[in-house]
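Number of protein chains: 4
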Amino acid sequence: MRYFTAGESHGPELTAIIDGLPAGISISVEEINHELKRRQGGYGRGGRMLIETDTVEITSGIRHGKTLGSPVTLIVKNDDFKNWETVMGIEPVDDRAKKMRRLAKPRPGHADLVGGIKYEHDDLRNVLERSSARETTMRVAIAAICKQMLKELEIDVAGHVLEIGGVRGEIPETMTVAEIRDKAESSAVRCVDPKIEEAMKEKIDATKKEGNTIGGVVEVVVGGVPIGLGSYTQWDQKLDGKIAQAVVSINAFKGVEFGVGFEAARLYGSEVMDEIVWSKETGYTRTSNNLGGFEGGMTNGMPVVVRGVMKPIPTLYKPLQSVNIDTKEPYKASVERSDSSAVPAACVVAEAMVTIEIAKAMLDKFESDSFERMKQEVKRYRDYTLNY
Amino acid sequence: MRYFTAGESHGPELTAIIDGLPAGISISVEEINHELKRRQGGYGRGGRMLIETDTVEITSGIRHGKTLGSPVTLIVKNDDFKNWETVMGIEPVDDRAKKMRRLAKPRPGHADLVGGIKYEHDDLRNVLERSSARETTMRVAIAAICKQMLKELEIDVAGHVLEIGGVRGEIPETMTVAEIRDKAESSAVRCVDPKIEEAMKEKIDATKKEGNTIGGVVEVVVGGVPIGLGSYTQWDQKLDGKIAQAVVSINAFKGVEFGVGFEAARLYGSEVMDEIVWSKETGYTRTSNNLGGFEGGMTNGMPVVVRGVMKPIPTLYKPLQSVNIDTKEPYKASVERSDSSAVPAACVVAEAMVTIEIAKAMLDKFESDSFERMKQEVKRYRDYTLNY
Amino acid sequence: MRYFTAGESHGPELTAIIDGLPAGISISVEEINHELKRRQGGYGRGGRMLIETDTVEITSGIRHGKTLGSPVTLIVKNDDFKNWETVMGIEPVDDRAKKMRRLAKPRPGHADLVGGIKYEHDDLRNVLERSSARETTMRVAIAAICKQMLKELEIDVAGHVLEIGGVRGEIPETMTVAEIRDKAESSAVRCVDPKIEEAMKEKIDATKKEGNTIGGVVEVVVGGVPIGLGSYTQWDQKLDGKIAQAVVSINAFKGVEFGVGFEAARLYGSEVMDEIVWSKETGYTRTSNNLGGFEGGMTNGMPVVVRGVMKPIPTLYKPLQSVNIDTKEPYKASVERSDSSAVPAACVVAEAMVTIEIAKAMLDKFESDSFERMKQEVKRYRDYTLNY
Amino acid sequence: MRYFTAGESHGPELTAIIDGLPAGISISVEEINHELKRRQGGYGRGGRMLIETDTVEITSGIRHGKTLGSPVTLIVKNDDFKNWETVMGIEPVDDRAKKMRRLAKPRPGHADLVGGIKYEHDDLRNVLERSSARETTMRVAIAAICKQMLKELEIDVAGHVLEIGGVRGEIPETMTVAEIRDKAESSAVRCVDPKIEEAMKEKIDATKKEGNTIGGVVEVVVGGVPIGLGSYTQWDQKLDGKIAQAVVSINAFKGVEFGVGFEAARLYGSEVMDEIVWSKETGYTRTSNNLGGFEGGMTNGMPVVVRGVMKPIPTLYKPLQSVNIDTKEPYKASVERSDSSAVPAACVVAEAMVTIEIAKAMLDKFESDSFERMKQEVKRYRDYTLNY
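Chains as they are written, first to last, in our numbering: chain A, 1 to 388; chain B, 1 to 388; chain C, 1 to 388; chain D, 1 to 388.
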């Protein structure tokens, strides 16, 4: 499975093409829209999120509710485009129009300046429009399709927010993936620890009042993953590595960790290892999951546990130094923004990226032309691993 | 640039092929061997490291001291192979020989069991031999070639150990890449903070005495990187994402972060952002480097700062539960190992993986058939970015 | 540069995403539409071609007439979709609707049966809709963008029909690429040899009268290609190999050849070789072009000359044996079709695929973030090759 | 499955790494050597072929006669290297040594000049050493492993020479793949038509006497290929396209065709199509094989039939014009060469490339970690296709 996303933040629409899906997966458009809605929600959002409701349009690859095996095209229209037709138009325009909403003052913490230099743009809007988090809409839409596939393969994904602005929750080891999903889903900040939820909201409110922003840590857990996705045989075949790339590729993410993660630097070997046990009913399992479901870059049958950290959205709360690219003069900008924290939404995106990578790994490993045959094969493989 | 590594830990030799290097890079074999030696060193190593000295043999792609543009083959012989000829032989053997050094007891924390299931092996040695850290030898050798290329392009890489077993050093913001390299190089634990070095060694000694193991955090810093490597335009083009994959692909690494990394979850937006300034001499720079040299997945001209965390090497210090795959009987194993910490060596490997990704990004961006032309082009591009 | 096409023949629209174009290429939508029109023309076409006029809509990656460096989305709506909304609908339908226009009788010479088996389809329409030549519309649209880029780099592509149904024209060695394009453009069968044009038309007419079909040979010529695209260093880097894949990937194409091509089996070495000469004004050139512009898988500065052969469109003129997949009963079908030859249109598609591969090779070789810098670099490289 | 070859013609050794083979394939080193010997044979060879006998050394990825799932390294030593140690040495040399066997006179019809320009070489030997047909040794070695895998999957590959220097044989449609292999194997020119064999040899002898060279057409036939390898859904997924690239990537190959190939330009649609029939025992088959085993870029269960054309090896029989790159002076060279035709050997290489692509397609389609499971899965899929 390969995919591209396309589209500018204020352009007419966002598009994605997914190539290499099996034929015969039942796809519900509603479920895709439901996922898009999840991305738009979350305590602490403001502005655009409150106005627009993203809905997907499918224009290829699905017929009568099932995938065809041919490329799937997903489109999400930008309702707001009518107000941007001149600014974002395809056709050449005169000089006056060129200057409309032109960006000559790069925002610190954004791609504006570097993108302008790299692509030799005169108007930094050319960067802003694509490097925007708006692009992640399509990642969520793609993942919504993958999720429907994984569900039929009995693989279950859930994301939740572990920490916002230094307020960190706890998650009991015994919580199942389904419980995590349910609890996160019913929390405005996607936090599974009810004691902490209020503290998070207060932190968000206080931060918002100041016009400042905060980041956080999100965790994605995947249950039901077969043993042996990914491989240790070549550096680029390790699945944890691929997931790491996918998570860090999300706008504003600055790190990723698996299982105990960075805590591993403070623990003894005797504390970190997951002991191996066996029973006829479950096959080989581990008595703990410090390694986050990975051994040698391969899934070991325990839940995959990935965490990503999102930096605070760039803010101009404290007037920040930048430079006008036309004049090279320094300037100080001071604009408040309405989102003080996008962490709950980013959690949905992180969930999406992990979902996509797990789906890709499944399609890589198993025959994936016909989903019917794939399901049978996965079942046979699960039986095999149980009886190894 | 693409590359494969190959070779089993106790096989006759390790091999790597690097495809897509420019023609005309001056390569010193000695410098490759020097890098291999760095990987083998480090306080806390034992066993094999003390016996063998890896040296590289080049069998293609270089002639009269310069790359040809054709694939480069690197070989490192395993001196020890003479003792393993039967166990690791290519040709079929009788049943008695098949049982020699056969592994039926998977070690917790290793790839043994999962690899055995995935590939349907009867002897888990078939996994152990490839999933071994021995494989990283070739990554260091490949990177040693990349490093010689990057040096001529005025890009400078240094790795150092930030934390071992909970003992964490400090690194002054003002330290240059060259200083980091020099200080790390003269420290047995690759620590640039002399006050901490002793504490690290003591921690290693105490851990060794107990037969236990510890992990740590390593940091890689890259200076002189041009503005605009990587891209925000498609998820898989972000360079920080690619580096994340490369670092997590190292054996025993459980996480990666850039700039402030996971700390970003505890900071305000106003604290994290790097202000933009400009001067005729330096072009655009930032007054701080919280984002670790990346904006929008692209290098922004500030030093790239990446950290990876290594878990403690699996140890059997505290007898650990596992299962015999023949009998399904549980067993408890208790074997001491000689390496209590491989963090300083892993630091060299992390440095290697970051080096390789930076080299790939440079070759992707610039014309890279002739190194002579590439150098001119990089120079022109640097002038251009200075005058944007 | 990477790209996907998507879309079913009778679905709502065809889509393509092109990833990796430089920023700053001037793009005319009219020129894309002009290319789409070329594909739809040609003596011997019938049916749908006469009704629909394809026009492209761009929804991303281009702003104010120039590429942004971000992915470009191209859409061509299927006007006819209004008549197919139930048959090709995305949402699940009832059993009655499922049977509408269901295909249970695979057509010999098409992908119907094999696709049905591979993807486990019950309705072979699921194959037909994607394996249709309609898909090539998007290849032509993509190539129309590449062509505008190549033109500014002084690379010139022309396709012409060499043979239809056994009627073969001659093309004088001295004809320039521009002349070929002009002559082909003014011929209803895209034939540059006016003496043969009439014979081709007559052949088409006679074949049509019989309800039969004929194939042909098309030739694509590319002038102005710099020396040294592609490489001999690894099998998959040879540019002639990549072009071969691209041409054979066109529906109904059964072969590809370069320069003297298959004739090489009948010639002596002394007849085939292109002698090397040098002058200050032209640098190194060849006195003939038997090798079709390639030496060692690399362009040698002479025009690239590629030919592809298209089989006759499958026809049911002579009732052909097939099998009903529901009943396994044999049946004989006899349906006339309106296109007796699609060779002139296929010529436009072949031209497109060669254009795309040349564009990819240019973007691979040269720095391709900013088209402005790319143009300068290509110019410098041309100067260099002239003075080698 | 991915692979690289490496090595210069007169360097110490040739190397290949194959990544992604299943675990558990039985590999015979003798069979690899047998294939290498086939490549070295053939009527009309001279020089080096008569002296050296290539033998492979395996240094990774195989243990006790079976693949491990880890990368396989293959090495073929160049016996002759002892005479080339200075000329081809890795280490820098003095100016006198640099001039030894330096090539300043590019040979027409070779990569020498273009490669020199592209990579900015001063000594064209740097090109010659890699662009040599010697490289194909490793392709044959890689294919020898693939062939052993395919054999166990009941896929059978055979190559034969159809035409040499205008002398063309006939091949009865009824000949099985096994018969083709046997007959080709017992012919010095790999020709299955005994009536033609003598004429081919005479042609070769006469050509040799004149110091000239001839090319030819080779055909590769693959039996037992499952229905549905490759796909019509995206241009780069068509298997015939991939094979086309692989065949054209062979040194001196100028074209490739499938089934009726270029003859399709002279036939009517009614003559070209393969009718579909069905029986309980065989499932769906075709009554003819004009399309060479492909429909919509997918295998249709009929034998794959591919032909490639090799140009005559460049010869200097008739003194040819070239240019000295130091002085820019023209020169005429006149050297006889000992190989008048390499077509029988090239046939073995074409067979290798087709074998590799079929193997890759099998590994892409089926679960390919464990060869045991793969065999079962392929069997199940064959049963399924029989009962579709």
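Simulated from the structure, these hints should not be mistaken for lab results.
What you are looking at is a predicted structure, and each value in this text was computed from that prediction instead of being measured.
Among the clues, some could well be false.
Identical copies look the same in the list; a pair holds intra-copy or inter-copy alike.
Heads up, simulated DSSO-like pairs for lysine-lysine below, C-alpha to C-alpha not over 30 Å straight-line [said to hold, decoys possible]:
no., residue 1, residue 2
1, 360, 375
2, 280, 98
3, 375, 280
4, 37, 99
5, 98, 151
6, 37, 208
7, 209, 360
8, 379, 105
9, 82, 280
10, 280, 332
11, 360, 37
12, 66, 379
13, 37, 105
14, 280, 195
15, 66, 318
16, 375, 151
17, 318, 280
18, 183, 209
19, 105, 209
20, 183, 98
21, 37, 328
22, 151, 99
Hint by hint, here is what the structure shows:
1. 360 with 375: Answer is both; intra-copy 15 Å and inter-copy 23 Å each pass.
2. 280 with 98: Close across copies (28 Å), not inside one copy (70 Å); limit 30 Å.
3. 375 with 280: both (23 Å within a copy, 27 Å between copies)
4. 37 with 99: Neither: 34 Å inside a chain and 35 Å across chains, both beyond 30 Å.
5. 98 with 151: between (48 Å within a copy, 25 Å between copies)
6. 37 with 208: Intra 23 Å, inter 53 Å, cutoff 30 Å: intra-copy only.
7. 209 with 360: neither (42 Å within a copy, 45 Å between copies)
8. 379 with 105: between (56 Å within a copy, 27 Å between copies)
9. 82 with 280: neither (62 Å within a copy, 42 Å between copies)
10. 280 with 332: between (67 Å within a copy, 20 Å between copies)
11. 360 with 37: Result: close within a single copy only, 24 Å intra versus 38 Å inter.
12. 66 with 379: Both: 21 Å inside a chain and 27 Å across chains, each within 30 Å.
13. 37 with 105: This pair counts as neither: shortest intra-copy Cα distance 32 Å, inter-copy 43 Å.
14. 280 with 195: neither (39 Å within a copy, 54 Å between copies)
15. 66 with 318: Neither: 51 Å inside a copy, 36 Å across copies.
16. 375 with 151: both (11 Å within a copy, 28 Å between copies)
17. 318 with 280: between (61 Å within a copy, 26 Å between copies)
18. 183 with 209: Classified as within: same-chain Cα gap 28 Å, cross-chain 46 Å, threshold 30 Å.
19. 105 with 209: Within. Shortest intra-copy distance 26 Å satisfies the 30 Å Cα cut-off; inter-copy 59 Å does not.
20. 183 with 98: Close neither inside one copy (49 Å) nor across copies (40 Å); limit 30 Å.
21. 37 with 328: neither (42 Å within a copy, 48 Å between copies)
22. 151 with 99: So residue 151 and residue 99 pass the 30 Å test across copies only (29 Å; inside, 49 Å).
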